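Trainee: Each chain, letter by letter, is given below.
There are 2 protein chains.
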Amino acid sequence: MLAELIMVGTELLLGDVVDTNSAYMAQRLAELGVDLYYVTRVGDNRERIAQLVQQAHQRADLVITAGGLGPTADDLTKEAVADAFGKELELCTEALAAIEQRFRRLQTSMSENNKRQAYLPAGAQALPNPKGTAPGVLLELDEGKAVIMLPGVPVELKAIMDESVVPYIKQRLGENGIGIIYSRVLRFYGLGESSLDSMIQDIIAVQTNPTIAPYAGSGEVRLRLTAKAANETEAARLIKPVEEQLLARLGSYFYGYGDEGMEMVVARLLLSQGRTIALAESCTGGLISHKLTSVPGSSGYYIQGAVTYSNTAKESVLGVDPELLSQFGAVSEQVAQAMAIGVREWAGTDIGLSVTGIAGPGGGTETKPVGLVYFGLSHADGAETHRRQFAGDRLQVKERAALAALDILRQHLRK
Amino acid sequence: MLAELIMVGTELLLGDVVDTNSAYMAQRLAELGVDLYYVTRVGDNRERIAQLVQQAHQRADLVITAGGLGPTADDLTKEAVADAFGKELELCTEALAAIEQRFRRLQTSMSENNKRQAYLPAGAQALPNPKGTAPGVLLELDEGKAVIMLPGVPVELKAIMDESVVPYIKQRLGENGIGIIYSRVLRFYGLGESSLDSMIQDIIAVQTNPTIAPYAGSGEVRLRLTAKAANETEAARLIKPVEEQLLARLGSYFYGYGDEGMEMVVARLLLSQGRTIALAESCTGGLISHKLTSVPGSSGYYIQGAVTYSNTAKESVLGVDPELLSQFGAVSEQVAQAMAIGVREWAGTDIGLSVTGIAGPGGGTETKPVGLVYFGLSHADGAETHRRQFAGDRLQVKERAALAALDILRQHLRK
Chain A
1 MLAELIMVGT ELLLGDVVDT NSAYMAQRLA ELGVDLYYVT RVGDNRERIA QLVQQAHQRA
61 DLVITAGGLG PTADDLTKEA VADAFGKELE LCTEALAAIE QRFRRLQTSM SENNKRQAYL
121 PAGAQALPNP KGTAPGVLLE LDEGKAVIML PGVPVELKAI MDESVVPYIK QRLGENGIGI
181 IYSRVLRFYG LGESSLDSMI QDIIAVQTNP TIAPYAGSGE VRLRLTAKAA NETEAARLIK
241 PVEEQLLARL GSYFYGYGDE GMEMVVARLL LSQGRTIALA ESCTGGLISH KLTSVPGSSG
301 YYIQGAVTYS NTAKESVLGV DPELLSQFGA VSEQVAQAMA IGVREWAGTD IGLSVTGIAG
361 PGGGTETKPV GLVYFGLSHA DGAETHRRQF AGDRLQVKER AALAALDILR QHLRK
Chain B
1 MLAELIMVGT ELLLGDVVDT NSAYMAQRLA ELGVDLYYVT RVGDNRERIA QLVQQAHQRA
61 DLVITAGGLG PTADDLTKEA VADAFGKELE LCTEALAAIE QRFRRLQTSM SENNKRQAYL
121 PAGAQALPNP KGTAPGVLLE LDEGKAVIML PGVPVELKAI MDESVVPYIK QRLGENGIGI
181 IYSRVLRFYG LGESSLDSMI QDIIAVQTNP TIAPYAGSGE VRLRLTAKAA NETEAARLIK
241 PVEEQLLARL GSYFYGYGDE GMEMVVARLL LSQGRTIALA ESCTGGLISH KLTSVPGSSG
301 YYIQGAVTYS NTAKESVLGV DPELLSQFGA VSEQVAQAMA IGVREWAGTD IGLSVTGIAG
361 PGGGTETKPV GLVYFGLSHA DGAETHRRQF AGDRLQVKER AALAALDILR QHLRK
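Protein chains in written order, with the numbering used here: chain A, 1 to 415; chain B, 1 to 415.
These aren't lab readings, by the way, just hints derived from the structure by calculation. Hints may contain errors.
To be verified - If you want the footprint, here are the derived chain A segments under chain B, 3+ residues with CB under 8 Å: (1) 154–165; (2) 205–219; (3) 381–395.
For clarity, every value in this text was computed on a predicted model and none was experimentally measured. Idealized CB from N, CA, C, for every residue including glycine.
Excised from the complex, chain A in its bound form:
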């Protein structure tokens, strides 16, 4: 089945609103194995919407519109769809009853223009909206094709998508005897998209089911393995050997699956090992602590942290020897190590992790350029340091250094 999305609303063309609806709809469709070739955004213009609906209807089996079902005069999606198929709008008494009931329940009075929301293109049926007044609309057409109209308010769109649209598509797919699509995402840190791509180009080239698609995330690379099969068990069976083949080659860069970010992987390892941690941050300025405390239950491993921005703070809080600071500078292997050891003692934790570097834009020199960062890790068996050079502006250097610090920690916890 091939679908197409049309996102309606002039506000989407002014850039004041980021469209999150289409990502939600696209995800649901991908899970169902429905293909999607185009998503188009258009303003509240009756003629342009009608033209787009016609074009999409020719190209796809299922057209879903979002937005333009509200009560005001610039909500024109139903009118445009009716135009596209030469139909009139007709009052749907069930839809009207549902709207009236909603106003009674909320004990507010219904304004005259809410009645507009009960008019549907002739032959269409209303899809109940449990979160708002505008019903969704399903218009079935010739050759098994259909147009579905959803309201643009995200919570309403999601509710109708989950409760009416997904079941409708499943039923249609069952009728057509098509199976499901199942996908799994592998996440990698420490190599770029083009390096990863060239390392597994031969595997990607011969692979058809599952397919393998690399894409770049923020400071990481992901591989999506997508299988078409009769059911999930069968799909998982198809994915398993390919995943094993990929991990045999890329295993040292692999860190997690799906939605599980680096900080969640690290949190899971710390919790399962019952280990505690303290942070000493200079150039990252609290960002690593923020990431580690953004995982629910973080008080189980995160005890305390220090943002020691000034040299004085490094001395007084972490007990860094002033000699080290003057001899090697704050951004050095020696100071990173002393910070890690110092913060572990200060907090009495199992692990001490430190970061010191030059985030820029100022402060760089020939030998210590902007983006140079040292990391220290102190634990029961001793201490280690790492050196990295990052590109980017101040915020990017902070983000990249934070991710690198978490990966250093992850590598240690996996030993």
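Following the hints, position chain B against chain A.
Mentor: Only chain B this time, still in chain A's reference frame:
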């Protein structure tokens, strides 16, 4: 001028990535007074991209694509654009030199497929990419029309948009004898979009040049004042009285202009007053320190901070009386105040700022629900505390609490 956007990338059709690029591009175009009727998203498919580019080129003066300029085999935008206009790709030696230079500077080796990024459709010119390897591409066509290709990585797209595309459009608009569009954004904290809207509805209703458009940001509201005029001086003259009228009514919520975020306003105030600060964070877990140290030059005011997550840390680092913790609990006015006083003494700074609250999802009670946050501020004249209740998930509570803390600090610094 009429523009059209084409967002390229299969990941955009799978719902894995929310497209924020098009909102950014749409905003820049709106500021320039360029109309936008359609934004289309399409997968990494050479034929479909080429067809869309042809269709958009017929409908609009300027077509801008985003994505598909990467080094891998599924990056096909330049090939598709070349197909659309019957052109070949040719090596651009300046683009190649820029890519090679970037790899030398980062001291990493350039992989063979990065060379692909230096090939452009015949007759096109490269637009420098200060943040990555893929140059933007400008292809000027007949009848004063053009196609611009940008990389999909947001930071790269923004840089080329700001440094090359916006100046190009301005120049083209100037050539065509159309005036300019000039806009100014006012930022407000502490009231919702609908409250703000109703407070100034009468001003918005009668205002035509400049127009006034409110929109909701993350935890704040912005007003965009947009004037059409012959030049910037004239536009600024039109905006001034309207801005004054708005600030007379909304002044207590106003905090800054344009791209200047709350942390930048606070940083500017601290630097100009020569004051230093120390942070004691519990539920925000380092996020406020991260924000305050993300402003270049932050070592001028930010001395040190503590993320005191455990009660022990609050006692040992900040000297909070264990009696207070057991009598009132860690999330209380009393502990917030003790943390602020403690961190100011610990760091020897002019100001101490503290946050303690319940970020959730666990840990809430009937009297202290999730989202309850106390703030403490200690300075030479004494100490004060504030109480706020936030809605949202763990990350939203952290973000909202961090913004509130910065606003409390800003209000104090403005006294």
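Trainee: Against each hint, give a clear statement of whether it holds in the structure.
Mentor: Tested hints:
1. 154–165: Since three or more residues must qualify, the claim that chain B covers the region 154–165 of chain A is violated, with 0 doing so at under 8 Å.
2. 205–219: holds (count 4)
3. 381–395: holds (count 6)
Comparing the model with each numbered hint stated earlier shows that hint 1 is the single one that does not hold.
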